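Peer 1: One letter stands for each residue in the lines below.
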Amino acid sequence: MMIYLLLAAGLFMGWSLGTNDAANAFGTAVATRVIKFRTAIIIISIMVMLGAILLGENNIDKLSSIATNNEVVASTEDVNNAIANGTLEDLRLKSALKAFIIFAAAGLTVFIMSFLKFPVSANQSITGAVIGWGLVYADYSNPEILSTNLKEMLEFASTWLINPVGAALISFVLVFLVKKFIEKRLTSMKSYDLIVKLGYLIAGAFAAFSIGQNSSASVTAFYYDATGLGANLLTSAQLTAIIGGAAICLGVLTFSKRVMMTVGSSIAEISQVDGFVVIVAMALTVLLMGEWMGIPVSTSQSVVGAVIGAGLVNGVKNVNFGVFKRIAIAWVSSPTVAGLLTYLIALATKSYFA
Amino acid sequence: MSVFKKGTQVHVLISEQIKDVEECLITFEGFLRAAVIPASADETLRSLAAGVAKAENTADVSLRRMIDSLSGQYLPATRQDLIALATSCDRVANKCEHIAKSMVTRRVRFPEGFGDDLIEIVSLTKQQFTILEQSITLLFTQLGSFLKDHHILDEIRALESRVDVIEEKLYEKIYAMDLDVANQDRLAGMLELICDSSDIIENIADQIQIMLITRKA
Chain L
1 MMIYLLLAAG LFMGWSLGTN DAANAFGTAV ATRVIKFRTA IIIISIMVML GAILLGENNI
61 DKLSSIATNN EVVASTEDVN NAIANGTLED LRLKSALKAF IIFAAAGLTV FIMSFLKFPV
121 SANQSITGAV IGWGLVYADY SNPEILSTNL KEMLEFASTW LINPVGAALI SFVLVFLVKK
181 FIEKRLTSMK SYDLIVKLGY LIAGAFAAFS IGQNSSASVT AFYYDATGLG ANLLTSAQLT
241 AIIGGAAICL GVLTFSKRVM MTVGSSIAEI SQVDGFVVIV AMALTVLLMG EWMGIPVSTS
301 QSVVGAVIGA GLVNGVKNVN FGVFKRIAIA WVSSPTVAGL LTYLIALATK SYFA
Chain R
1 MSVFKKGTQV HVLISEQIKD VEECLITFEG FLRAAVIPAS ADETLRSLAA GVAKAENTAD
61 VSLRRMIDSL SGQYLPATRQ DLIALATSCD RVANKCEHIA KSMVTRRVRF PEGFGDDLIE
121 IVSLTKQQFT ILEQSITLLF TQLGSFLKDH HILDEIRALE SRVDVIEEKL YEKIYAMDLD
181 VANQDRLAGM LELICDSSDI IENIADQIQI MLITRKA
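Chains L and R, in that order, are what the protein sequence lines are.
For the first sequence, the residue numbers in this note's numbering are 1 to 354.
For the second sequence, the residue numbers in this note's numbering are 1 to 217.
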């Protein structure tokens, strides 16, 4: 049973994602008092769990694949060898330990970068941590491994650009449509308020669902054994996502208010209608990225992209492209710091894991 | 349709409050017409000022009823905006009452030659208020088109500019008169108060524009 304590790093990662990402779903609505905090966290918790249960496992395959290629997760061959050699328990412990190290390094990166007030992405830190580990253990002298890993890394890196740009595009189209078809149909302030309230409720619920789908897997994926033979702590993809989702919910329920108020107030500078349209764009992007590419993405970067897209409807001059600098910093810093940490840990523990 | 029923009630109550403020403005105009006639008896003015005070009190009651009706309705930001709007409108009635009371109790009388301009100021203020009333109705009944086109608010500002021109002319006239400085200042102070309502209405127009901008997608 003690081995299950190693889940703590993933759960902590999930908890920390919950405290932060909840702000992207309901921050503006709560900060502007359109939705009560208590209502918001109840909706988030339900929808995050639904996202995790219904679609969460989709992202696990992709994450497992890159983790296997970087020697974080045991391959089917490794598992079969361990069974043949009678060392499955040892493999199980090592796999769980590796997952613990990856999540602890990624979590530490998020903590350090946030403390230093640098923009950071939890999902990008996790990817960086996996790659850092692979730099020590993956056999890059093998051209096949090199090309497979490079292809997957590029695929991951491409989502970092596709995510905010896609969110900007979706947001631009949605805000344009709202302006063209909804705004002029508003008859009174009462109908306006009703649209805003319903809009935030639906957008927030949708965003929470997308967070459940997007992030539940990424905080527990490396504890999952796809072979189902018991080479890691978890053998059910859905249960893996559900545990991740529950950790996120815990973060939402215990510590999300302050972040929600801070993030919400800064995003609230856009109009209220744009506010919920931006959240819908963010959620749609995250969901599409998960369904299309199977890769968890940064919801915060989606929101920034979506805000820019909304601003572009009123002309290029309304957009502060300086915010892209913060995203670019996160692109470089999150995976680099996490990768460096796991690289050093991997070197230090080589005698145990090799 | 039931979800909009209470919204309509707020609209009715705010319209009633606006009507009461307008009534106060009309009563004040009556007072001022009498006050600029040197022959008007103090007792007549006192009675007219009491009428203004009564109208102001009625407007106050309407304001409180309107604010009470907002309880639990609209989003907090809209509630705040509507309360600010109604309270600003009420300031016009307060101003009328204050001027009437001050003119009576401090026995301020404008010399001959001021009457037409003062009446013109109040008349322009009333026109501003009528347009303001239409603007508030648009907020409650045609928000979508009002978001797109709110040039009606510029009409309020244009009328305020006309009040400003008259005000400036009257200041020059006061300080060119053969009166001691204390009396000149007293008249100038009263003139300033009379013109304040026009500024208040212009500020309400700005408030409405801000409400529109923050609600535009």
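Possibly wrong hints are sitting among the right ones.
To be verified - The list that follows gives simulated cross-link-like pairs (lysine-lysine, BS3-like), each with its CA atoms no further than 25 angstroms apart: (1) K169(R) with K180(L); (2) K184(L) with K173(R); (3) K216(R) with K317(L); (4) K184(L) with K19(R); (5) K317(L) with K19(R); (6) K148(R) with K197(L); (7) K179(L) with K216(R); (8) K180(L) with K173(R); (9) K179(L) with K317(L); (10) K197(L) with K126(R); (11) K148(R) with K179(L); (12) K216(R) with K36(L).
Bear in mind the hints are in silico, worked out from the structure with no lab data behind them.
Since this is a predicted model, take the numbers as computed values, not measurements.
Peer 1: Each hint: holds or not?
Peer 2: Tested hints:
1. For the hint linking K169(R) to K180(L), the alpha-carbon distance of about 48 angstroms lies beyond 25 angstroms, and the restraint is violated.
2. Distance hint between K184(L) and K173(R) is unfulfilled; the C-alpha atoms sit about 50 angstroms from each other, more than 25 angstroms.
3. For the given pair, K216(R) sits about 18 angstroms from K317(L) by alpha-carbon distance, which is consistent with the 25 angstroms threshold.
4. Only pairs whose Cα atoms come within 25 angstroms are accepted, and K184(L) paired with K19(R) is rejected, the gap being roughly 28 angstroms.
5. Pair hint K317(L) plus K19(R) does not hold up; C-alpha atoms about 43 angstroms apart against a cutoff of 25 angstroms.
6. Taking the CA atoms of K148(R) and K197(L), the gap is near 22 angstroms; set against the 25 angstroms cutoff, the hint holds.
7. With a C-alpha separation of about 8 angstroms, the suggested pairing of K179(L) with K216(R) holds against the 25 angstroms cut-off.
8. About 54 angstroms separates the Cα atoms of K180(L) and K173(R), which puts this hinted pair outside 25 angstroms; it is violated.
9. A C-alpha spacing of about 18 angstroms is found between K179(L) and K317(L), which places the hinted pair at or below 25 angstroms, so the restraint holds.
10. Of the supplied pair hints, the one linking K197(L) and K126(R) is violated, its CA atoms being roughly 37 angstroms apart against a limit of 25 angstroms.
11. For the suggested pair K148(R) and K179(L), the alpha carbons sit about 10 angstroms apart, so the restraint of at most 25 angstroms is met.
12. A hinted pair counts as satisfied when its Cα atoms are at most 25 angstroms apart, and K216(R) with K36(L) qualifies at roughly 23 angstroms.
Going through the hint list in order, the structure does not satisfy hints 1, 2, 4, 5, 8, 10.
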